[in-house]
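From first to last, the protein sequence lines stand for chains A and B. 1 is the number of the first residue of the first sequence in our numbering; add one for each residue after it. 1 is the number of the first residue of the second sequence in our numbering; add one for each residue after it.
Be a bit skeptical, because a hint or two may be false.
Claimed, not checked - Derived lysine-lysine pairs resembling DSSO-like cross-links, with alpha carbons at most 30 Å apart:
no., chain 1, residue 1, chain 2, residue 2
1, B, 282, A, 233
2, A, 233, A, 155
3, A, 233, B, 253
4, B, 62, A, 192
5, B, 282, A, 13
Hints in this document: simulated from the structure, not taken from any laboratory. Note that the structure is a prediction, hence the values are computed from the model and not measured.
Listed below are the residues making up each chain.
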Amino acid sequence: MVYQPAIDIYSGKIEEVILGPGGNSVRIGGEDTLPFHSFEGVLPNPPKLALEICITKQADWTEEKAGDFSNLPSEPADLAKKYIEELGIEIIALQFAGAAISIDEMAKRAIKVIKAVDIPIIIYGTGVSEQDQILLPQIAATCAGKGLLLGPAKKENYREIAAACVAYDQRVIAQTPLDVNAAKQLNIMLIKEGLAADQIVIDPLSSALGYGMEYTYSVMERIKLAALVHNDKMMQMPIIANIGAECWKTKEAKEDITQGVLWEGITALCFILAGANIVLLKSPHTYKLTQQILSKHLTDVEAN
Amino acid sequence: MILIGENINIMSKITAQALKDKDPQPIQNLAIAQTKAGVDYLDLNLGPARKNGDEQMEWLVKIIQAVTKLPLSLDTTNPIAMEAGLAVCRNKVLINSASGKQESIEKMLPLAVKYSAEVIISVLNDEGIPSDAAGRAESIMETIEIANELGIPNENIWVDPILLPVGVNQQAVVDYVEFIVMLSDMAPGVKSTVGLSNLVSGAPAHLKSILTCTYMIILEHFSQYSAIVDSFNNELIRLNRGELPKITEVVRKVIAEEDIDLARFSARERDYAKTARVLTGKVLYSHAWLELD
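Could you build all of it, start to finish, from the sequences and the hints given here?
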């Protein structure tokens, strides 16, 4: 008997979202099959990693064995340039959570970074709805046409953020708390505000390995199945996993940097397997490690 | 489908206040209005009834029997309150409810024997609500066996599989139907009932009715025997009487997965078709499901 591979064809397709300014844009999504099912369909854009830069204080990633990434520049724009030069990062994520400065100051610092580099930038706000609904539109307006990915837009503040993204042609991160039904609802509401489906990225809220990762994993799976198998147009946006902060606040990561890097790396790979199209990392070590694994995999796939 | 009216309920302000004041009028009015609305049973829900439960249930049964001939469904988890109500019931009566919990088996099921009452038995047991159809089947079969041994025939047992809100667990709503189909094979002769309003907890207020109505048609299609419902949902009552055949037909077409051209239907029928697609698991639930094509 001849072996017949079990091949499924799906009726749906994930939207392709373009991040960043013209020349250096990065595409995410666009696949018409499940993660890594290249034997069934086309996945035009491999999963992307973004590296996080805190808008106020930089972490110290000094690791005895690795030696590098000590004495990082404290100025976010300088750090961004260093990461681009030394790691070849394609996307930067500016992180504002816990920043104890005024909203105007946050916006000022963000704009400075956006003007200094020409790769795609994610603006991951404070997570406090009342602050983000002022901060994000301010940045969106000043940086019109930069193709920024802004968020998190939540049930409480999506209107203000969506309006700014429509007006200044930016992209939006739609965040809901581990709930497929709520994720669909928020996408519907964003589209009602005038956004196109290819301006939205779903953030189902990510947890770290050992701290509820399975919940996120299963929500991501369900989103991809609804999008591809059931051709649900309101679930066909790419998925973002913001895992840096979650991983680095675990007991295991705090004990030891090497352990933390592995913790963050495993979490990232799991979500990529579940269907995340872009993962936000905190440590440059993790970035390097995870990028190596992804590149090796992609080379192997091509060789086959 | 046999409908049990849920509107006399300790959770409602009218009922709670009238009970506190021992004022029969508002509760009797609710009983008369539900009788007129056309339901088959009246549920008298006292909840846990920890304080003076027996006195309250006895009073409630007496004042309601004075104004309606409908059979009653006595709804409390307190067996002492339950017995006080059963003792004064004139007509056939339904115990709402027993379960597979040890305490319920020991104290509630014997009352069904003593008073030759029918009894609702839920799939709940000491471990909680089983998560899938197989787990529910296992739990209910154990309890039914115990009930049979006590002398309660299958004909007097109404199984409550427990319905979860569609916004919380859509798959469970879809799987519910599978359980109902299994039930008639597993325990021939048993009836089924369900708290239909539980389906819509958390759903937008103006959309609760269409969800409930659509799901009732689906349950009826799969031979569900009865449901506990809002007596004042007129559309639900009319659908149950077969007075809105076009709506019933469109929902049945969705269940049968027939190709249907939505454009050929009225706006209301289209809404029912969309809702049926959600409740049969063909479309992922979101609060805005009616606004999508």
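Each hint, compared with the structure:
Among the hinted pairs, residue 282(B) with residue 233(A) is consistent with the structure: their alpha-carbon atoms are about 13 Å apart, no more than 30 Å. Taking the CA atoms of residue 233(A) and residue 155(A), the gap is near 19 Å; set against the 30 Å cutoff, the hint holds. For the proposed pair residue 233(A) and residue 253(B), the alpha carbon gap of about 23 Å is at most 30 Å, so the pair holds. The suggested pairing of residue 62(B) with residue 192(A) is violated, with an alpha-carbon distance near 55 Å, which exceeds 30 Å.
Note on residue 282(B) and residue 13(A): the hinted pairing holds, with a Cα-Cα distance of about 17 Å set against a maximum of 30 Å.
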